[in-house]
Amino acid sequence: MAKMAQVFSDLFYSLSNCLTCFPGSPTLKINSRSFKILRLLGEGGFSYVYLVQDTSTSELLALKKIRCPFGAESVAQAMREVEAYKLFEHSDGIIHSVDYSISGERGDPSSKTVYVLLPYYRRGNLQDMINANLVNHTRFPEKKLMLLFLGVCRALRDMHVYRGAGPGGAAEAEGCERMKAVPAGGGAGGGSKKKKKKGGAAAAASRGARATETGADEDDETAQQLPLMVGDEDREGRSRGGGGGGAGGRGPGGSSRSYAHRDIKPGNIMIADNGADPILMDLGSIAESPLAITSRSIAIATQDTAAEHSTMPYRAPELFDVKTGTVIDTKVDVWSLGCTLYACLVGKSPFEARSDETGGSLSICVLGGDWRFPTRPRGAKHSAKGKGPAGGSGGGGGSSGAAAADDTSISEPIRDVVRRCLKVEPSERPDIDELIDLVENVIEELPDDGGS
Numbered sequence: 001m002a003k004m005a006q007v008f009s010d011l012f013y014s015l016s017n018c019l020t021c022f023p024g025s026p027t028l029k030i031n032s033r034s035f036k037i038l039r040l041l042g043e044g045g046f047s048y049v050y051l052v053q054d055t056s057t058s059e060l061l062a063l064k065k066i067r068c069p070f071g072a073e074s075v076a077q078a079m080r081e082v083e084a085y086k087l088f089e090h091s092d093g094i095i096h097s098v099d100y101s102i103s104g105e106r107g108d109p110s111s112k113t114v115y116v117l118l119p120y121y122r123r124g125n126l127q128d129m130i131n132a133n134l135v136n137h138t139r140f141p142e143k144k145l146m147l148l149f150l151g152v153c154r155a156l157r158d159m160h161v162y163r164g165a166g167p168g169g170a171a172e173a174e175g176c177e178r179m180k181a182v183p184a185g186g187g188a189g190g191g192s193k194k195k196k197k198k199g200g201a202a203a204a205a206s207r208g209a210r211a212t213e214t215g216a217d218e219d220d221e222t223a224q225q226l227p228l229m230v231g232d233e234d235r236e237g238r239s240r241g242g243g244g245g246g247a248g249g250r251g252p253g254g255s256s257r258s259y260a261h262r263d264i265k266p267g268n269i270m271i272a273d274n275g276a277d278p279i280l281m282d283l284g285s286i287a288e289s290p291l292a293i294t295s296r297s298i299a300i301a302t303q304d305t306a307a308e309h310s311t312m313p314y315r316a317p318e319l320f321d322v323k324t325g326t327v328i329d330t331k332v333d334v335w336s337l338g339c340t341l342y343a344c345l346v347g348k349s350p351f352e353a354r355s356d357e358t359g360g361s362l363s364i365c366v367l368g369g370d371w372r373f374p375t376r377p378r379g380a381k382h383s384a385k386g387k388g389p390a391g392g393s394g395g396g397g398g399s400s401g402a403a404a405a406d407d408t409s410i411s412e413p414i415r416d417v418v419r420r421c422l423k424v425e426p427s428e429r430p431d432i433d434e435l436i437d438l439v440e441n442v443i444e445e446l447p448d449d450g451g452s
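At position 285 of the sequence shown the residue is numbered 285 (UniProt numbering), and the sequence of numbers has no breaks.
Hint data in this document are derived by calculation from the structure and do not stem from the laboratory.
It is possible that some hints are incorrect.
As the list claims (entries may be wrong) - Straight line, CA to CA, 20 Å or less: simulated DMTMM-like cross-link-like pairs of lysine to aspartate or glutamate:
#1 K144 x E308
#2 K29 x E105
#3 K323 x E308
#4 K348 x D128
#5 K348 x D416
#6 K143 x E105
#7 K143 x E440
#8 K36 x D54
#9 K29 x E59
Predicted, not measured: the structure shown is a model, and the values here were computed from it.
Start from the sequences and build out the full structure, keeping to the hints where you can.
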């Protein structure tokens, strides 16, 4: 009966969320502001994203609605995402939240909904651009693509080498501590946790708007300490291997921490309204890095979390099969960057492409580093090939990526960037600073016409 009730509950939510896509949509109040819901932009397992309009200012924003049907634990998970938006609000390349609130569901005090207001980017995301290229049989000019990719790398560096407490860094440190210890419960039924807004947030130009938390914790909160990631409690004993340049150290700006996004993909890279600047979004997968896998239970928990939050075709091999005694660090994002760049060039992840070509398992392709560049320009007719040699743990996609006569429309320096990112062994991948240097050198070598 409980399972049947959950099915009907999910059906009700799906229908109610679809109804909001049509004319005459109701208004929704987030703290002191009222918004008209215009249309559904996207949805996930327990979340929906809408285009909304402020009824007073006509400002367009994106509203993320996160259902938390499992009580305190799911509310705390949603709140960790909210705090991540606050944590990186100093970075122009990472999306920030404008405001948020928590409300209870009628008739079920344990079930809550978290609403997060975000900037709206009218150009959509990088996946939209890839899809447009596929439909129109076009491709990115190479120099323009690499400049965009460089922007993604620089935004990611703000996560991998996060500057916390120090002169002028108190606010960031406070954000870190709240991410480590988010009280469970989130909000009483029908209540909300408010922020005082310092200003509005226009699409793409709204990154200056910030909010300050002022709401009090509700009576039913347990105030249990929930770490940002498994193993966070033992922060001082964490391994520093491959932390992306300074994990756990101190720099001129104060403490330096590393965070991994863990779900870098074209769909999570918004394009600012100027058409040139990338914005990283969807911080629900973020995890502090590096993480030492000191027990089987941590390995299983990390692998399960990756399966839930890290998109499979862009997920690093070390997250498919997490082994005790290893370290998971920011190199997982470098792998995902390689997959993302390949997708911009070819139209899909290298392991989606290889799995489709051979009919094999995507996870086996990832674990074996089995991928290759296309042997013909995209869209050209060709017959399916048999499975070629895997890249192996030492070379990633290096050998398979050069196993055949490749599509010469992709410049060799760009191929090299992909190959270096897609090394199966994390220690052989560049860290984010090394990757930025590599990409900057590639951009200097490319002609101004971008090879288009």
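A quick look at each hint next to the structure:
1. K144 x E308: 33 Å, violated
2. K29 x E105: 15 Å, holds
3. K323 x E308: 18 Å, holds
4. K348 x D128: 12 Å, holds
5. K348 x D416: Holds, at about 18 Å.
6. K143 x E105: 50 Å, violated
7. K143 x E440: Holds, at about 11 Å.
8. K36 x D54: 7 Å, holds
9. K29 x E59: Between K29 and E59 the Cα gap is close to 14 Å, so the pair holds against 20 Å.
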